[in-house]
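Q: The primary structure of each chain is shown beneath.
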Amino acid sequence: MEKRPFENNRGSERPDIKGWGIDADPKNDPTYPYKHRNNGEHKGYTWERPPLQPVTVEVLHSNERPNITAVFGTTSPPTGLSGAIRRFAFKYSENSYGHWLPLLLADRVNAVEGVLDDIRHGHFPNIFAEKGYKGKWKHDPAGTAARIGMIVGVAALAFWWFTRDDDDD
Amino acid sequence: MLAMNYRGTRRVRVSQKPMPEILHPQDVIVRVTRSCICGSDLHLYNGNVPDTRVGTTFGHEFTGIVEEVGGDVTKLKVGDHILVPFNIACGTCVFCQQELFGNCHESNPQATAVGGIFGYSHTAGGYDGGQAEYVRVPYANVGPTIIPEGMDVDDAVMLTDVTPTGYQAAEMAGIQKGDTVMVFGAGPVGIMAARCAWLFGAHRVIIIDHVEYRLEFARQYAKCEAYNFRSLGDVVLFAKKTTDALGADVCIDAVGAEAAGNALQTITGRKTLLQAGSATALHWAINSVKKGGIISVVGVYGPTDNLVPIGNVVNKGLTIRANQASVKRLLPRLIEHVQNGVLDPKGLITHRIPLEDVADGYRIFSDKLDNCVKPVLIPPSARM
Numbered sequence: 001m002e003k004r005p006f007e008n009n010r011g012s013e014r015p016d017i018k019g020w021g022i023d024a025d026p027k028n029d030p031t032y033p034y035k036h037r038n039n040g041e042h043k044g045y046t047w048e049r050p051p052l053q054p055v056t057v058e059v060l061h062s063n064e065r066p067n068i069t070a071v072f073g074t075t076s077p078p079t080g081l082s083g084a085i086r087r088f089a090f091k092y093s094e095n096s097y098g099h100w101l102p103l104l105l106a107d108r109v110n111a112v113e114g115v116l117d118d119i120r121h122g123h124f125p126n127i128f129a130e131k132g133y134k135g136k137w138k139h140d141p142a143g144t145a146a147r148i149g150m151i152v153g154v155a156a157l158a159f160w161w162f163t164r165d166d167d168d169d
Numbered sequence: 001m002l003a004m005n006y007r008g009t010r011r012v013r014v015s016q017k018p019m020p021e022i023l024h025p026q027d028v029i030v031r032v033t034r035s036c037i038c039g040s041d042l043h044l045y046n047g048n049v050p051d052t053r054v055g056t057t058f059g060h061e062f063t064g065i066v067e068e069v070g071g072d073v074t075k076l077k078v079g080d081h082i083l084v085p086f087n088i089a090c091g092t093c094v095f096c097q098q099e100l101f102g103n104c105h106e107s108n109p110q111a112t113a114v115g116g117i118f119g120y121s122h123t124a125g126g127y128d129g130g131q132a133e134y135v136r137v138p139y140a141n142v143g144p145t146i147i148p149e150g151m152d153v154d155d156a157v158m159l160t161d162v163t164p165t166g167y168q169a170a171e172m173a174g175i176q177k178g179d180t181v182m183v184f185g186a187g188p189v190g191i192m193a194a195r196c197a198w199l200f201g202a203h204r205v206i207i208i209d210h211v212e213y214r215l216e217f218a219r220q221y222a223k224c225e226a227y228n229f230r231s232l233g234d235v236v237l238f239a240k241k242t243t244d245a246l247g248a249d250v251c252i253d254a255v256g257a258e259a260a261g262n263a264l265q266t267i268t269g270r271k272t273l274l275q276a277g278s279a280t281a282l283h284w285a286i287n288s289v290k291k292g293g294i295i296s297v298v299g300v301y302g303p304t305d306n307l308v309p310i311g312n313v314v315n316k317g318l319t320i321r322a323n324q325a326s327v328k329r330l331l332p333r334l335i336e337h338v339q340n341g342v343l344d345p346k347g348l349i350t351h352r353i354p355l356e357d358v359a360d361g362y363r364i365f366s367d368k369l370d371n372c373v374k375p376v377l378i379p380p381s382a383r384m
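First to last, the protein sequences are chains A and B.
Mapping of the first sequence onto this note's numbering: position 165 corresponds to residue 165, and the numbering continues sequentially without gaps.
Mapping of the second sequence onto this note's numbering: position 100 corresponds to residue 100, and the numbering continues sequentially without gaps.
Since the hints were derived computationally from the structure, they do not count as laboratory data.
One or more hints might be untrue.
Unchecked claim - Computed cross-link-like contacts, DSS-like style, restricted to lysine-lysine with a CA-CA straight-line distance of at most 30 Å: (1) A/K134 x B/K271; (2) B/K368 x A/K138; (3) B/K346 x B/K223; (4) B/K177 x A/K3; (5) B/K77 x B/K346; (6) B/K240 x A/K3; (7) A/K3 x B/K316; (8) B/K177 x B/K316; (9) A/K18 x B/K346; (10) B/K223 x A/K3; (11) B/K241 x B/K177; (12) B/K241 x A/K3; (13) A/K3 x B/K291; (14) B/K346 x B/K75; (15) A/K134 x B/K368; (16) B/K177 x B/K223; (17) A/K134 x B/K346; (18) A/K43 x B/K328; (19) A/K138 x B/K346; (20) B/K291 x B/K241; (21) B/K271 x B/K368; (22) B/K177 x B/K291; (23) A/K91 x B/K223; (24) A/K18 x B/K177; (25) A/K138 x B/K271; (26) B/K328 x A/K18; (27) A/K18 x B/K223; (28) B/K241 x A/K18; (29) B/K17 x A/K138.
To be verified - The calculated label-pair distances, taken between Cβ atoms and stated as ranges, are: (30) B/D305 x A/H42: 46 to 54 Å; (31) A/H123 x B/E212: 39 to 47 Å; (32) B/M19 x A/G153: 43 to 51 Å; (33) B/Q220 x A/G11: 19 to 27 Å; (34) B/E356 x A/I151: 23 to 31 Å; (35) B/N312 x A/V57: 41 to 49 Å; (36) B/P309 x A/N38: 33 to 41 Å; (37) B/G71 x A/P141: 50 to 58 Å; (38) B/P148 x A/G153: 28 to 36 Å.
Just so it is clear, the structure is predicted and the values come from calculations on it, not from any experiment.
Every residue gets a Cβ at the ideal spot worked out from N, C-alpha and C, and that includes glycine.
Between the sequences and the hints, there should be enough to build the whole structure, so can you do that?
A: This is the structure in structure tokens:
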């Protein structure tokens, strides 16, 4: 529990701090105001759009907008089961759990697909390296050993549990 | 080319990916010289951001040299060394016209609530990021800025996100001379927010975290008071006692979804994802600020919901201001501050890591090992 008394310590200048107060006066700060309101919203979606990037991959877009934005990323388009889940998610608006929760599920499915895809291409993923355990071992050997020990222990326990002889004879 | 490659929750590697191409007349292709790992990258790394697809390259804080330009690019040429704001902004939509460059409406088809961000999932546009040897940069006439002559590239890369975000956190907080400012989170953005709070005239700046080495770093770097919430017991009670029972004038949430300090928030927000991250810092900010005070939020949360005491926001008459930093708007002032020695962004960098070791870099940063505050990845070509 906090033992200190109630106290006030406000109100004076701090010349000991380099740059103290130099942006305190909005009139002297070129970054103010941080929103230059121009009521452009009142005209709706009427601005002259930039040239449109050709759509060369499948791009899912929010149903809260009428179109695909003028530019977009093309990395990792939807594929496989995770892609199907993502397509389902985009039937729902950003306001809906029906949008976000399937996307989280798709991400987990996608991780499994990634491992299978690696193996299919003859690359068995080095999970130890991908999890950065080399760096963790270097800077936290005790913590790393404890974690690995726990994983091995749980695996051994599970192995024993599933292979134990249940026969009473 | 070599690029960071996301493989699933807390699994990344470096692998060969195809070279990026010009896909739009306002694109440039950039050879990366520096690329940071951001605290908000850890939300992706930990699997907290929906639509983070396997194969994506992260990285929204980077500098690089222009290698190729699209047909409509007029402000950059091959060979320019540029810093690239993390926001992808068209410059023409109604929001960009109002200098809300973090809220562009022409850069992210997948979501309307956030503009495009490099390497930040398909929820932020599906772009590959800068933790690679090369990266495609759209709207090159708008955001990218030539690094001023004489500026250290390490300072420049810190102007792409950390410094503007910390500065805007202080700016949005409406700090008045003499104010007491409480910053929750002693990560790079929180430390920068604490440093910038002085520029707006704060009299006291207090930073709260639970990682001792970061608190000590904050004391030295930001010249602020720094307290460990685990030893304070009740953070809000501390805030009231140290402000004569009234509360801090301003509170800044510089933590976001990965906050520690409240078991219920941790279980529901980080372990089970029943809410969009742990909102402990925002909860404390609401309860620590004075009546009629301002809360500035730059911590990143997921897109669903969070548990916060909204009733207290009403009853105390609070103003909550929040946004992704509008980097392009802030750059002229921040470049001036760096050139005048008022701000020292590169002083936050503690680790310079080869791009090839990105998996170790993420692990060290995520687990707060080796006194890591801010790691920067350096591609092979930038090490020659």
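Q: Any hints from earlier that this structure breaks? Give me their numbers in increasing order, please.
A: 23, 30 and 38
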